[in-house]
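Q: Quick note, the sequences are listed as chains A and B, same order. Those letters in the first sequence? Residues 1 to 189, by the numbering used here. Those letters in the second sequence? Residues 1 to 219, by the numbering used here.
Fair warning: there could be bad hints in the mix.
Stated by the list, open to error - Footprint (simulated), chain A over chain B, 3 or more residues, beta carbon under 8 Å:
| hint | segment |
| --- | --- |
| 1 | 15-26 |
| 2 | 98-108 |
| 3 | 113-120 |
| 4 | 128-134 |
| 5 | 137-148 |
Please keep in mind that the hints were generated in silico from the structure rather than gathered at the bench. Where is the CB? At the ideal position from N, CA and C, for every residue including glycine.
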Amino acid sequence: MALRVKALESLLVEKGLVDPAALDVMIDAYENRIGPRNGARVVARAWTDPDYKARLMKDATSAIAEFGYSGAQGEHMVVVENTPAVHNLVVCTLCSCYPWPVLGLPPVWYKSSAYRSRAVIDPRGVLAEFGLAVPDEVAVRVWDSTAEIRYLVLPERPAGTDGLDAEALAALVSRDAMVGVAKVPGLTP
Amino acid sequence: MNGVHDMGGMHGFGPVEPEADEPVFHAPWEARVLALRRAVGAWRRWNIDAGRYSIETLPPADYLRMSYYEKWLASCIKLMLGAGLVTPQELASGRRDPAVPVATPPLTPEKVLPAIAAGGPTLRVTSAAPRFEAGAAVRARDINPTGHTRLPRYVRGRRGTIECHHGAHVFPDSNARFEGESPQYLYTVRFAARELWGEAANPADAVYLDLWEDYLEPA
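Please model the entire structure based on the sequences and the hints provided.
A: Below, the structure is given as structure tokens:
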């Protein structure tokens, strides 16, 4: 594959169709700038700033853009909130739609046939494989990203974190918690 | 199209296998494919829906066997050939056809970050009123389009409830065929898990999909 891709890139550069320096900038952006730390900052702000949370739940695209996160594969954002009564899970059964500006590029498991096929028919089984047992009385809501709306899960703020500021809270928030296959763990005293 | 890409509800793919400390790319060529496909996309010879359709129309066995970036590469080549950006002879030889003048890349390094930040919004202005109100009972139409569609098989013919609408969005079915954006209202529709999967499903559970007006009828 590496040789095939190199040959194709050489041809496209020779034809003047792509600028290899532009490819480098894009790769650097997705390797180093655009990833789940972005989403974690949004979550931590929502946990610590009720006004921000209200804006985020009403118009997630604009509220997320306050951080400078916007654009490709996050043009139209919706945030869904986990509560003691509701657990949200995000999938794209038809391809691999994922909120890039806040979570970066999707992990392999999110793009896998196993996850795409099962998240809608057996969400509780999938969550159990991630080590998350959801009680029967908690409703599981699965969001199948069939259009250009991209979903971010606002996880529950864990107990024992009252003294933490937004930066310390953001460090606790994992990519998986913002897809809905994990919770944010509490602090062990 | 009723393709293998439409996986919701299928069995047999085994457990989900997360990878600890997964890197963004597993090999440098994956990163080059991601960037190449987006950089040639800047020529605007196709749109995101045609791009998705080019992946869906890979031979089914190939679709299931290939990795994500292998599919991106195969689809990128299909799209470039279809748009005439490259010729089969050039791909085979790896050398530019000297009869074709050298082009100037539209995506320059300084345009990359602004292009990412701008993205490609699909919301469009419409003077039409939405056909369905929040709370309305609807049924996903039982249709089998042979082209690109974003109406998965597992909800066709099933009853759901309108949660909200998101305004009018580019309609993928026509856009993928280069027949225009034909924007129409996009709704989030709630389907009870039991309506989709039967009595074994938890009565509290639900699946939400974003569906265009043409995919829906009153229930």
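Q: All hints are to be evaluated individually against the structure, with a verdict given for each.
A: These are the hints, each one checked on the structure:
Requiring three or more residues with a Cβ within less than 8 Å of a Cβ of chain A, the coverage given for the segment 15-26 of chain B holds, as 9 such residues are present. Here's how the segment 98-108 of chain B fares: 7 of its residues keep a CB closer than 8 Å to some CB of chain A, so the rule of at least three is met and the hint holds. Proximity of the segment 113-120 of chain B to chain A, defined as three or more residues with a beta carbon under 8 Å from a beta carbon of that chain, is established by the 7 residues found. Counting residues of the segment 128-134 of chain B whose CB lies closer than 8 Å to any CB of chain A gives 0, so the stated coverage by that chain is violated, three being the minimum.
Under the rule that three or more residues need a Cβ within less than 8 Å of chain A, the assignment of the segment 137-148 of chain B is violated, with 0 such residues.
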